[in-house]
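Residue numbers (our numbering), protein chains in the order written: chain A, 1 to 369; chain B, 1 to 369.
Since the hints were derived computationally from the structure, they do not count as laboratory data. C-beta: ideal position from N, C-alpha, C; glycine also. Any given hint could turn out to be false.
Said to hold, decoys possible - Here's a subset of chain A near chain B, in silico, CB distances under 7 angstroms, partners left out:
1) PRO62
2) TYR130
3) ALA183
4) LEU187
5) ALA194
6) THR206
7) ILE223
8) LEU231
9) GLU232
10) PHE235
11) LEU239
12) GLN240
13) GLY243
14) ASN244
There are 2 protein chains.
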Amino acid sequence: MNSKENIKKIIIKKPLTLDCGKTINNYPLAYETYGKLNEKKDNAILAFHALSGDQFVSGTNPITNKNGWWSYAVGPNKAIDTNKFFVICANVIGGCMGSYGPSSIDPTTGKIIGTNFPVITINDMVKAQYNLLEFFKIDKLFSVTGGSMGGMQVLQFVANYPNKTKTAIPIACTASHSAQNIALNELGRQAIMADQNWDKGNYFNTSSSPDKGLAVARMAAHITYLSKKSLEDKFGRKLQERGNLKFSFDADFQIESYLRHQGNAFVDRFDANTYLYITRAMDYFDLIKQYNGNLSNAFNNSKTKFFIISFTSDWLYPSSENKEIVIALNASGADVGFIEITSDKGHDSFLLDIPDFLKSVKNFLEINY
Amino acid sequence: MNSKENIKKIIIKKPLTLDCGKTINNYPLAYETYGKLNEKKDNAILAFHALSGDQFVSGTNPITNKNGWWSYAVGPNKAIDTNKFFVICANVIGGCMGSYGPSSIDPTTGKIIGTNFPVITINDMVKAQYNLLEFFKIDKLFSVTGGSMGGMQVLQFVANYPNKTKTAIPIACTASHSAQNIALNELGRQAIMADQNWDKGNYFNTSSSPDKGLAVARMAAHITYLSKKSLEDKFGRKLQERGNLKFSFDADFQIESYLRHQGNAFVDRFDANTYLYITRAMDYFDLIKQYNGNLSNAFNNSKTKFFIISFTSDWLYPSSENKEIVIALNASGADVGFIEITSDKGHDSFLLDIPDFLKSVKNFLEINY
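Bound conformation, chain A alone:
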């Protein structure tokens, strides 16, 4: 892990009244860009990241030294071709990669905010990022896109700003977080809060942090990102560097070793309180309720052209929930395309090298540009 000192940020001076009623201003929004904004400023794509993502979409993430989360999709000649398009991505508020979040320092006290940070929503995240348009002097985006929680932000963006993007590509998402997904997020939160080191979110004041709880939360989430078949194909019952069962609680199976690694690696790059806040924002997301039970009303005033993408083996945000968005868009008279990509890789498919998926995104963007 490298220092976060050189992360690019803008300070948003304009006050933002959050859905909880509190107002924030003079808060940092960390961002990254890829490609060049053209003279007409009509080639900008705002990408929204998912729960565990950040602004480092492509190339090497300078903090983690790993590939950006959407390296398969974003780059020169890739699906989102940075030779043509100017891609902007910001760390969501509530995040832990430089934007205003629970691990930020409160200037009035000089202390880390922790759980004094307000509970935020997807709407709050989107409103904060809307300031990027003014910052880059972009009147209208060419596209907004993102998968999972990123897709929820896409939907919220168009609902809030019906004429501020030409196209929109929500991927593997939902218009309303399901009971099962709330349950899974609550499981992660309870794992973190069960860790004595969490200390009601005040672990910054101590030498310890709730690493074990956060690792368990990540393991739980990671299982849901993969399909039963992908786990079977990749791991099955293969043993971890041993010929036989050891009759112990060590990681006998490769899947156990893999999960432990995923949990431990996550702790190095992620803040436990941010995990609580972002999962809460996802659970609160209900665009149907925001529009009084009729999702199509969210898009009534929009001329945005939509392209919805889901994956066959995604059981977290299944095709059925993505299709509900398509139905609502159709009912609102919107221009909407939909594709269900055949993939065994589960919810994680949107992050992976799935040729049909990447080709679909590329074609949609280039035909509409």
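On the provided structure of chain A, position chain B as indicated by the hints.
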């Protein structure tokens, strides 16, 4: 919770060499019976319990004061009619309801065994329970049955003792624990072991126990027992005793409150180390590997008549895995019936009042008696 003093037990004197290589003897097996063994001793059904079950199948569990885990299925005139059949159920070894397990006291040291308890297998559990036949002087059972881990024991029982039961009803189970299921069990174990109070399994020596970790493990498991649809139908996004979101980490949604309750209630009746041992036994279960990659060899010598039952919405032990057992039984020339019951209730269906399921069990038992 009432005292466990009056729990019925037999002491198994005969040595049992476990799959790990260790031998145990003079160990307790706690059991319960329902109905009467007839003179011919041909009406006995051995029921095997699942991960969180125990010997109290029907009526009021005298320890928890709640209904026995299979109260819908077992009782006078019920699917497993105790007016006709004599139902025996024992707490598995490794359990915490009176049978030999990690919360037992080691007579040689006078201390609770904890993680000095050997890692056991489904095969070990079944071999221990086989002693019940001798105890009740039963030459041949009428049936063996159970759901989930209980179903695994059914399969192992027939593989081990091909002519010791007339019929067998494995329900919602598998012949080989999948990678996804190993992952989910590992998640539960990690949640327990992440709890500082677990103290490497030695919490019996302190005033605290890993209640929070065990509660998280239970929440994780509970989500997997229900289908996405059953969660949506029962809870959806309904709020818990409030009109609006509270913008906090309290249980805003009913599903959150429900899960917290499930976690906390479980801690009162279950031992964390037992949770580790029993999930390990499930993960180790691979009847296919035991029979060198050919499951039908497990049943080649058996005259037992099988009836396999799965549930449409069970994603933990899906119909596909149950059908693999049917295919193997067919290949071995066994007498086998199979029904996939339509149910929205997920894996938990086998514990619930699903009329088609209960009727199927009743018909199979009575036609073959």
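Problem set entry | Which numbered hints fail | 1, 2, 6, 11, 12, 13, 14
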